[in-house]
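Protein chains: 2
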Amino acid sequence: MKRNFNLFFRFVILVALTGIMSVASAQFGQRGVVSPVVHDNGSVTFQLLARQADKVSLSGSWMQGWGASLEMSRNDTGLWSLTIDPIPSEMYTYTYQVDGVRTLDPANGLTVRDGVRNESMFIVKGQRGELYSSNDVPHGTLSKVWYSSPVLKMNRRMYVYTPPGYADGNQKYPVLYLLHGAGGDEDAWTTLGRTPYILDNLIAAGKALPMIVVMTNGNAWAAAAPGEAPAMAAPADRMSLAGKFEESLVKDVIPFIEKNYRVLTDPGHRAIAGLSMGGGHTMTITNNNPGLFSYVGVMSMGLMTGNRMGNYDADKHKGQIAALKDSGLKLYWIGCGKQDFLYEGVVNLRKLYDEQQFKYEYFESEGGHTWPEWRIYLSELAPKLFK
Amino acid sequence: MKRNFNLFFRFVILVALTGIMSVASAQFGQRGVVSPVVHDNGSVTFQLLARQADKVSLSGSWMQGWGASLEMSRNDTGLWSLTIDPIPSEMYTYTYQVDGVRTLDPANGLTVRDGVRNESMFIVKGQRGELYSSNDVPHGTLSKVWYSSPVLKMNRRMYVYTPPGYADGNQKYPVLYLLHGAGGDEDAWTTLGRTPYILDNLIAAGKALPMIVVMTNGNAWAAAAPGEAPAMAAPADRMSLAGKFEESLVKDVIPFIEKNYRVLTDPGHRAIAGLSMGGGHTMTITNNNPGLFSYVGVMSMGLMTGNRMGNYDADKHKGQIAALKDSGLKLYWIGCGKQDFLYEGVVNLRKLYDEQQFKYEYFESEGGHTWPEWRIYLSELAPKLFK
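Protein sequences appear in the order of chains Y and G. Quick note: the first sequence uses this note's numbering, first residue 192, plus one each step. Quick note: the second sequence uses this note's numbering, first residue 192, plus one each step.
Bound conformation, chain Y alone (with noise of 0.2 Å):
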């Protein structure tokens, strides 16, 4: 049956053989449907064909609220459609949802996982846009990178992003580790959190210094993403697992960096950032090791002290800020949106380091507990490390 090849492609493959590949044949489309087209004003039409479907809608990462959706309209060769007013320049994603079933636009091959969804992905350029987009200037290298993990008794997956001039050069760099936050992986702070783009754009235009992101698997039941190693049972004893990640980034990651990459391996060059669940990771970790990372980012996570924490130990919270105060911090950043249904726990954290006469640089956002404001986030830290 096989044999019986659909024409247009075998004439594809027999012109490009030529090499005369049409560009046309390689750009995504829906039977001719363009979708999304984003307009010069920052509007953009969405079309998704669907002579069948009784309701079609639209679920993007712009519109306000949980759950919200656009109904899209229906013309008489079933194409549905619908142009947004202009948004910002930003990274968005979206979802249709055709009679009841979320959809990725057909049309559009450019999709993103943000943990257990699939989402279609566009940029409106601009500055926020060209920052995370790919722009002909340097690029670094994102490599996904094995590890032995004695602390987590397997081994693991992460991604290490080199900057340019790292393959051919004999430099030796700082190093960033970044920290995702909760139903997320090691692919996060690659894909929405647009880490390589932000790197690469930052060094070229020398607003952030040439150094090394290492991003991690921070569940620590986890060896890898979903499909990305054989499927772990759940931990007999789950509270076992409490505080191994963090362990594990001390005794397994950081040693691992610094002996296979090359490193600066004082204090003063290495920096520790993450977002949510990333963030009190960062904290656990740079409370437990005062002195060991000189530059910490936490990003929407603030001081955890109700019921359900258990044991917070206000006391010993208070001693180890002090040991913090006395280790050399060069920076401790704070990041929170201001409508981030953490931003209590924020301003609680930002209160008993201002009575205990700890110095942080806090910076806060307009938004919640999104992707976007981790992009900013990230574009506004790394400037400020290793300075």
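With a straight-line cut-off of 27 Å between C-alpha atoms, the simulated BS3-like cross-links for lysine-lysine are:
id, chain 1, residue 1, chain 2, residue 2
1, G, Lys316, G, Lys529
2, G, Lys575, G, Lys521
3, Y, Lys344, G, Lys316
4, Y, Lys509, Y, Lys521
5, Y, Lys507, Y, Lys442
6, G, Lys575, G, Lys516
7, Y, Lys363, G, Lys450
8, G, Lys363, G, Lys450
9, Y, Lys450, Y, Lys578
10, G, Lys398, G, Lys316
11, G, Lys246, Y, Lys246
12, G, Lys509, G, Lys442
13, G, Lys363, Y, Lys450
14, G, Lys578, G, Lys521
15, Y, Lys316, G, Lys344
16, G, Lys435, G, Lys507
17, G, Lys442, G, Lys507
18, G, Lys450, Y, Lys450
19, Y, Lys450, Y, Lys435
20, Y, Lys398, Y, Lys363
21, G, Lys363, Y, Lys363
Not close to chain G: a few residues of chain Y, all C-beta gaps over 12 Å, as computed:
id, residue
22, Ser234
23, Thr236
24, Ser264
25, Asn266
26, Asp267
27, Pro277
28, Ser280
29, Gly317
30, Leu400
31, Trp524
Just so you know, the hints here were simulated from the structure itself, not pulled from any lab data. Glycine included, C-beta positions come from ideal geometry on N, C-alpha and C.
Position chain G against the provided structure of chain Y, taking the given hints into account.
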């Protein structure tokens, strides 16, 4: 608005902070629907919650015939399902059609991009499935590497797989240059081709020697996969690019690899293989550069002598074959499927080689011009290299 964050996720984050993140909460799902479920006997159950849909069908890579699909049936809760008969151990891709719209499985986070299409994917375990999976064996490193191409006048992206042991050793390794087909890009061999998994597993089993694998973008007009480089304008004179990728591989890629990696640089430790268009590239490169590679693999590509090819020059080709015969080749390997629409071209290529008394090894599989064949060919070819 975002401060009213969904209570469930708030709880997930709080729980995760204490290090007791549930394994189950990180599994893929669509409101509790698990799909696909691969049963021990190789049958597979697909499920989709689509209360308002009138018709849902399933298309999968295991089905015979272009555009084949199977209708799913709805129960009274709006759950559509279908269990297919057992299929062999393999990696499979599939999509749903929901009221005529091609849809990924929202319950399955694992996806793969085939050119301009995204599809959901799963693996049926067993011999091939294991070979294509991430197992508990030593893993190589897969890196996205940018290099300068003076021939194509741009910076371009490729993948470099370095085998387990590369990072912390001093050994020099042989290199396989592995080329994709029309419609693909540098991602293809790493995703649909499962190259890192296949190499990890073959090396761990002692079946293949540790080697570096270089996977380039064979589209001379493109710097990188879609979204990974600024959009390129169509070249004004497309014919000017004929043969340029092939030239660039020899003049740009090989020198870059041999400068930046610990590589054995004699022809006996240099291999090249490609599928379809990449098989054509492989033939062009090896015909034009006899003696550069001691190992050659041509997959699903034959002799192209038709009018569409323009200036096929039989005498020139025979001269090239004669030069290859004297070039110290250790293996010239041809793989093709019985159902491949280019099968006749492969018959003609072999006939020509036989007439010219040019030795090659021929591997014939059962399938067509599809990824299952190319994964098999890589799995067959890699163990024969550099021995």
